[in-house]
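Listed below, chain by chain, are the residues.
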Amino acid sequence: MESKDQAYWNDTSRLMWITLGLWVFFGYIVHMFVHVLNKITILGFPLGFYMAAQGSLIAFVVILFWFARKQDQIDRKHGVAED
Amino acid sequence: MATQTAGASDFTKQLGRMYGTYTGGFIGFVILLALLELVGVPNRILGYLFVFFTLAVYAVIGVMTRTMQVSEYYVAGRRVPALYNGMATGADWMSAASFVGMAGTLFLLGYDGLAWVLGWTGGYVLVAVLIAPFLRKFGAYTVPDFMSHRFGGNFARFLAVIVLFCASFTYVTAQIYGTGIIASRFLGIPFEVAVFVGLLGILLCSMLGGMRAVTWTQIAQYIVLIIAYLTPIVILSTQKYGIPIPQLMYGQAIQEITAREGQLLQEGLATAAALKPHVQPFFNYTPLNYFGIIICMMVGTASLPHILMRYFTTPSVREARVSVAWSLFFIFLLYFSAPAYAAFSKLEVYTNIIGRDLDQIRPWLFTWGELGLIKICGKDALNHDAIVAACKAIADHPGVVRLQDFSINTDVIVLSTPEIAGLPYVISGLVAAGGLAAALSTADGLLLAIANALSHDIYYKMLDPNASTARRLVVARILLVLVAVCAAYLASTKPGDILAMVGWAFSLAMAGNFPALVMGIWWKRTTTTGAVLGIIAGFGLCIFYLVVTRYYPQAGVSYFGMSSLTNAATGAPLVDVATVMADPKWVADVPASAAHPMQSKVGWFDLNNINCGLLGAPLGFIVMIVVSLLGKEPSKEMQAFVDEIRKPRGRMVLEEKT
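Which chain is which? The protein sequence lines are A and B, in order.
The working numbering numbers the first residue of the first sequence as 1 and each following residue consecutively.
The working numbering numbers the first residue of the second sequence as 1 and each following residue consecutively.
Hint data in this document are derived by calculation from the structure and do not stem from the laboratory.
In this text the structure is predicted, and so the values were computed from the model without any measurement.
Hints are supplied without guarantee of correctness; some may be wrong.
Here are the simulated BS3-like pairs of lysine-lysine, each with C-alpha atoms no more than 30 Å apart in a straight line [as the list claims (entries may be wrong)]:
| no. | chain 1 | residue 1 | chain 2 | residue 2 |
| --- | --- | --- | --- | --- |
| 1 | B | Lys585 | B | Lys636 |
| 2 | A | Lys70 | B | Lys647 |
| 3 | A | Lys77 | B | Lys636 |
| 4 | A | Lys4 | B | Lys632 |
| 5 | B | Lys524 | B | Lys379 |
| 6 | B | Lys524 | A | Lys70 |
| 7 | B | Lys392 | B | Lys375 |
| 8 | A | Lys4 | A | Lys77 |
| 9 | B | Lys524 | B | Lys632 |
| 10 | B | Lys379 | B | Lys392 |
| 11 | B | Lys392 | A | Lys4 |
| 12 | A | Lys70 | B | Lys276 |
| 13 | B | Lys276 | A | Lys39 |
| 14 | B | Lys276 | A | Lys77 |
| 15 | A | Lys4 | B | Lys379 |
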């Protein structure tokens, strides 16, 4: 692989790991603390319940739009974006 | 290039106008029916109008978008804008089970049911990051296309078709079953006939135009289903709390439910065994199985061919990524409302049914009792007299409904909400139209995935590579109809296992597809032998675990060291394996019937068989890595190919010559 391609792929891989890290956090780690979070109540929702019912879902949607923008920036920076 | 961009934006604008008009027209249609109801048109006619009008619209779109071009048929010409592809994916994704069943599952399981909500949303992160954009760049028509190109030809293709078929066929049968249920309930025709009415609707959408027709009807179906899902719950929230945002207001309902749960126990209206606290985690699933479901559904999402192939239709790699984000947004609108349905219904049941005198029960319940979907004291709740008689038969019954006396089918939660809120029948009809749209759209996507794999991968790529375009498209249509009829026939026999099998589809897809897709893109060193053996090992283990635990639990216990799963709340075993194995009746029940006490209740590591992907996928990865490292590095050309699909710029790798 040329070094130019390698640099592009390194950036892409880094973004992949960051995004997957966020995914693991909102998909699993938060919910491991459900008992603790449930002691906090917001708008009537125990927080642990809220995270599984809505919080993580909102996070996933935001992560995806953020990811699409970031990856596009990487594509442009390395000149491999479509135009 | 400039003209092309201008053309694309004109096209998007035109789509906006079209679907805007369509949405307005649909709302107008609902209002018209509401007026008809006011002047006394009977409910049955309203039901007919709803079902036939919406079916007719889908059929018209299906016929208008017919095509004789291969790329239109398989990937909608690759010009579906991100936002619209997102809507189509939303409809493709949300099945009858999501629309009708999800809220009911949350009603029954409380917090633990949220594993499904999380599992069926978070997987899109994997789709966007790991797989979809690369498959789009590759330019495949089907997922097996990629497997074949990356992993040395038709054997890998054939394996991928098997995985696709196993994961999709039971799933599509369940969808046709769903259309049959809804059509029979609202048209008042027998289920077996209704299945074929549903089939007609499905075929009208997909047969003439393939992916192109399915895409544009799915968008129309999404609009119907989301309006239908949100309307009743928004009205209910406004009635109860004065604010039309149910997703925020059900926090109050949850507090009331929790308070009422304590009250029920104190007043002796519920036993501790019957009451499952709504917000308490891990009452129904052990933490292992709770997180297992989340993992399997998420990774399964990223492996299901009928979802992945939706991203083959976007104009560019960039749009494919944005499109995944839109997909999840449109899915999220429904999934974050489902817990609100569950909470409002539960509050209604806990306050207006449980603890009430038998003769004071609100009448909405009897409509569902007649259909056998609500039981009180073990008998269908037909009317006041019937439930009084049923409860008298129970010794020491206090004359008020206790929690343990009450049982409800999960499908009722969404369907009954309009009646609980005292809304006119037109809203019930709207909900039925939404459920039908959900079932039809998913069935279309799945059918197309199966038929395309058979026509493109098996027929064209393996049997007759010289087939002409016209011939390929004719074969594609014939196979589509054949698969559809087989699935409808199977659905009309009401196979008992079909709903459980939908959960299995995700684990099967996960074990069979995920390791090979991810490694094929992200690790150049993956060899053909490694991938093929990895697929066989992972998928094989998953199938083995499913089949043994479901159909041969005796063998599982005797030869494979399986033991009973445990009850999440108490930690006790679910079945007494020793007693069952000592009973000749159950030992002889091979393959195990649905009544067998051990079916799906034994396993390894206390792992529910829905989560078999948790065994298969890791094994697949390990085999793939080890065997690849033992073998020779893939050729320079293969590595260049992987480099090529990693970069968005440039031509598609697999460009079809037409």
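Verification of the supplied hints:
1. B:Lys585 x B:Lys636: violated, 61 Å
2. A:Lys70 x B:Lys647: The given pair, whose Cα atoms are some 15 Å apart, holds under the 30 Å limit.
3. A:Lys77 x B:Lys636: holds, 27 Å
4. A:Lys4 x B:Lys632: holds, 26 Å
5. B:Lys524 x B:Lys379: violated, 62 Å
6. B:Lys524 x A:Lys70: holds, 24 Å
7. B:Lys392 x B:Lys375: holds, 15 Å
8. A:Lys4 x A:Lys77: holds, 11 Å
9. B:Lys524 x B:Lys632: Roughly 12 Å between the alpha carbons, so the hint for Lys524 (chain B) and Lys632 (chain B) holds.
10. B:Lys379 x B:Lys392: Since the Cα atoms of Lys379 (chain B) and Lys392 (chain B) sit roughly 12 Å apart, the hinted pair holds (cutoff 30 Å).
11. B:Lys392 x A:Lys4: Answer violated: Lys392 (chain B) to Lys4 (chain A) is near 81 Å, above 30 Å.
12. A:Lys70 x B:Lys276: violated, 44 Å
13. B:Lys276 x A:Lys39: Judged against 30 Å, a Cα distance of about 19 Å means the pair holds.
14. B:Lys276 x A:Lys77: This hinted pair is violated, its Cα atoms lying about 54 Å apart.
15. A:Lys4 x B:Lys379: violated, 72 Å
Checked against the numbered hints given earlier, this structure breaks hints 1, 5, 11, 12, 14, 15; the rest are met.
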